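Participant: If you want the building blocks of each chain, they are given just below.
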Amino acid sequence: MSHSVVALTIIFGIVIVGSAVGFLAGFHRKMDLEQWTVGGRGFGLVLVWLLMAGEIYTTFTFLGASGWAYSRGAPILFNLAQAPLMYVVSFFILPLIWEVGRKYRLQTQADFFQVRYASTYLAASVALVGVLCLIPYLQLQLTGLGLIVEVASFGGIHRTPAMITAFALVAGFVFVSGVRGVAWVSIIKDLLLLCTAVFIGIAVPHIYFGGVGPMFAALAHTHPTHLVMPGATKSLGHTWYVSTVLMTSLTFYMWPHYFAASFTARSGKILRRNAVLMPLYSITTPLMLFVGLSAVLVLPGLRDGDLSLLTMVQKTFPAWFLGIVGGAGALTAMVAAAIQLLTGATLYAKNLFRPMLAPGMSDHKVAMIAKIMVLVLTLGALVLAVYSSVSLVSLLLLGFAGVAQLFPGVVLGLYSRRVTTSGVFAGMAAGICLAAFLMLTGRDPYYGLNAGFIALCCNFALTGVISLLTRVHAAGFDESLPLLAASDSADSPGLL
Amino acid sequence: MKRPSLGALLLGLIPFVATCFSVALWDRVDPTVLGLPFNFFWLISWLLLTPVCMWGAYRLEEPSASDARRKEGED
Chain A
1 MSHSVVALTI
11 IFGIVIVGSA
21 VGFLAGFHRK
31 MDLEQWTVGG
41 RGFGLVLVWL
51 LMAGEIYTTF
61 TFLGASGWAY
71 SRGAPILFNL
81 AQAPLMYVVS
91 FFILPLIWEV
101 GRKYRLQTQA
111 DFFQVRYAST
121 YLAASVALVG
131 VLCLIPYLQL
141 QLTGLGLIVE
151 VASFGGIHRT
161 PAMITAFALV
171 AGFVFVSGVR
181 GVAWVSIIKD
191 LLLLCTAVFI
201 GIAVPHIYFG
211 GVGPMFAALA
221 HTHPTHLVMP
231 GATKSLGHTW
241 YVSTVLMTSL
251 TFYMWPHYFA
261 ASFTARSGKI
271 LRRNAVLMPL
281 YSITTPLMLF
291 VGLSAVLVLP
301 GLRDGDLSLL
311 TMVQKTFPAW
321 FLGIVGGAGA
331 LTAMVAAAIQ
341 LLTGATLYAK
351 NLFRPMLAPG
361 MSDHKVAMIA
371 KIMVLVLTLG
381 ALVLAVYSSV
391 SLVSLLLLGF
401 AGVAQLFPGV
411 VLGLYSRRVT
421 TSGVFAGMAA
431 GICLAAFLML
441 TGRDPYYGLN
451 AGFIALCCNF
461 ALTGVISLLT
471 RVHAAGFDES
481 LPLLAASDSA
491 DSPGLL
Chain B
497 MKRPSLGALL
507 LGLIPFVATC
517 FSVALWDRVD
527 PTVLGLPFNF
537 FWLISWLLLT
547 PVCMWGAYRL
557 EEPSASDARR
567 KEGED
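Protein chains in written order, with our numbering: chain A, 1 to 496; chain B, 497 to 571.
If you are wondering where the hints come from, they were derived from the structure by calculation, not from laboratory data.
Because the structure is a prediction, the values reported are computed rather than measured.
Ideal Cβ placement from N, Cα and C applies to all residues, glycine included.
Check before you lean on any hint, since a few could be wrong.
Which stretches of chain A does chain B cover? Using the computed rule of at least three CB atoms under 8 Å from a CB of chain B, they are [unchecked claim]:
#1 77-87
#2 208-219
#3 232-243
#4 261-275
#5 278-284
So here's chain B without its partners, still in its complex pose (with noise of 0.2 Å):
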């Protein structure tokens, strides 16, 4: 099988790190950013920003996505 490479395994630990091990230091409700409790605005801005990391590790997995994708056509 081949494995992914260690940049996209980095890429995908950030979410984790981010939104699973570091709970103790968010898990609060203030300060409040649009209204929302500091622990659900972090949470709800993660379901943004992972896919930025998943995007990345996919450019790095699939180094050739663009010519791949225009080849593939609409899918």
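So that you can see chain A by itself, here it is in the shape it has in the complex (with noise of 0.2 Å):
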């Protein structure tokens, strides 16, 4: 039992610290909706970097990735390629949605939608598409919290109390300090990460085997299919590696919180730069997936991939170490969960509560409706995580085939003067129903391909279609505004 008092009094601590940190960094700064979402616009390259690194390094690099290369091995490669890959996408896109973000005071992913397209229903719409989707990624930061304290206090406690816990203590301090508070939190816990990542992913392989290279000798001489695709599974081949990396890495900027996340930057040179740099930050990834598949010769028959991590971590190293580890852990599932509700509830009020129900609303109270959107998304992914299991894996899939829909209106909005409102609105509408009826009917990957990017296909080729059909309202930025400028009462600064 004392082994378990030790590594839950350190996650303790460390949550604690990375808390009070994040309850202070909001302390002495008047909370605008401009302050609160975005920073007010004058983060420069390590707090953009921070930021962007602290919410793209969640959970799931910590535990899910380890337990795919655990149980399906090589098809795990896969995150190992769209992390540099999507990087090299936000080079192209989000220095441009920074540029309109500043112009138009853009604070979330509808708003852009909004001024580009001119039509509320649209960007309420996108915003409906990024709050459904935030909850399965919230949900897999929770039950990755849950798993953490319960390996950690070796089965002594249960995994809901210790989600409610921490997730008291996210709503706290993303209510209190919003963005600037995720970012300086960011800090501490990817210090924490990056040194404990890096141990445990030269150490284990070594204690086990004397070295990486030995241990991809032993693999490929007991397990030899693991190590090519489609390693430990039937369908996950080649096909379905080109798809999902071309779905994951052009459309990974579309999670509303890591679109709105640019808007923090102080100019768009800075995002350039973050994006020539971000990939070698990825070099903690490899170092997981080695953990992940010494775990497949030491520990074998794990009944969760995603617990391959904690358990390696609890069998080779002493119980501060786990707690230390376990820290890390329980941090940034904090972190991504607190930018995650920090966006959601921003998007729910902002773009669906106030054109839909209120259009009069001023921006204070558009704060106030956003703050308690923050308690509302948290017990809503409590509930769910309490009472649903899935892997850490499939949550995220999920979630990414829907925000996928969103790429052909923001890539076609920035480059073409062609495409229309309702060509956006039709392939939107055709991807979502398109991913949801595969996923949720057990037929991803489908004839090898994955399911979100044959939905994504689908959404451009209709998006194409009905926008040649169909008339121009907004063929640009600038053109859009007078537009706004009639439907908007002059008492409501609305989005801009």
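From these two lone chains plus the hints, build me the complex, please.
Facilitator: In structure tokens, the structure reads:
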């Protein structure tokens, strides 16, 4: 029992220090909506880096990737390829999104659609899609947190009270400090995560096999199929790999929270430089995979692949170290959850609630509704996490297939003058229906292709065809503005 | 919207070709390099090579990068 006390005390200590930093970050600032959601648009290279890395290295990287390496093998390489490629894509779209964002004072992804396509309904639908897809992602963070506490307490503490405590803290610092709190907590979390990931990734193969090379040699000998696709699966071959890498890397920045993170930057150039450097940070991903692969030989037959990294740490290292790893993992889950809550709440209040139900509402009231929504979303994700159990990767891919359908609207909106509101609407609706149908009826992958990718292709095709058949309302950002001014009453500052 | 230059787009395409479309060429265990199966080695090296390509794209997109950095100071 004393082992679990040591581990849990350290986890709890790390979580408390992290949360305290989160609370203090917003202490002496006046928190209006602009400051709360986009940090007053004043973040430089370091803070943007930390925020983006903090958001991107989530519980999934920590537990899910090693879990898939353990249970499926080589197909997890999709995650290793996705990381640099999504930054390549970001290089070409984020600076443009930032530019538009600053010019029209955008705070959310739905604001972008509102300004570009001059349609409140389209913007509200985008907000709805965003909030709905964020929920499985939030649930992923919560489930991860629960797993950590369960393993660290050697099964002594049930995951539910742990999830409730951690999420109360998250909701608290989001409530008080907004995005600035998240960025500062990211600093602590990144330091811890980097150090522990590098250490575990090198030490575990070394302790059991005498190095990474011998580990791979042993694995190639005993599990020859595990190291090339389709690994331990039947359906995840090369077609699946290409379609999944394309889908996830092209559409990664369609996640509403990553999209909105670009608004926090001080200049577009910072985002470009960030895109050049960020792949280097993914160097932790292969290390996590090494741990999952070592576990194939050291801990065969685990009931849940997502437990492989933690169980490995528990078996190999003293309890205090399990505590540090658990603390880093817990803080990771909290940072990711915080930004997702913040984004989901702002989207709901600003782009769904106000335009649909209370058009004359002031920004101050919107900020209040957003803060209430933080609590509502927290409770929603908690209920889901307690009552359903799906693997971490499945949750991630479900949300991904949904947000991916926003990609044609964004990229054509930036680069094409011929795309129309109806085209984007039709493509998005068809893509989401198709993705949901394929995934919920167990048809993913479909003929070897990623379901979200199939939906995205149909989405692009339909957006193109309908756009050619319908009249252009707003061909660019500047042209949609007179339309907006006409449709918005003077007393509502509205979306701008 | 200012479109990215063709050169920058081509530089951005290189990592896609290398790590995505060509999967059938490099997804194998042999030859192992530095103890890593070839597919792992290939993808890990592209974590390092992608920034090189994108640094080139950066120079094309922001030709006055060094002057601007001096102006912008530490950020």
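Participant: Which earlier hints turn out false for this structure, listed by number in ascending order?
Facilitator: Violated hints: none; all satisfied.
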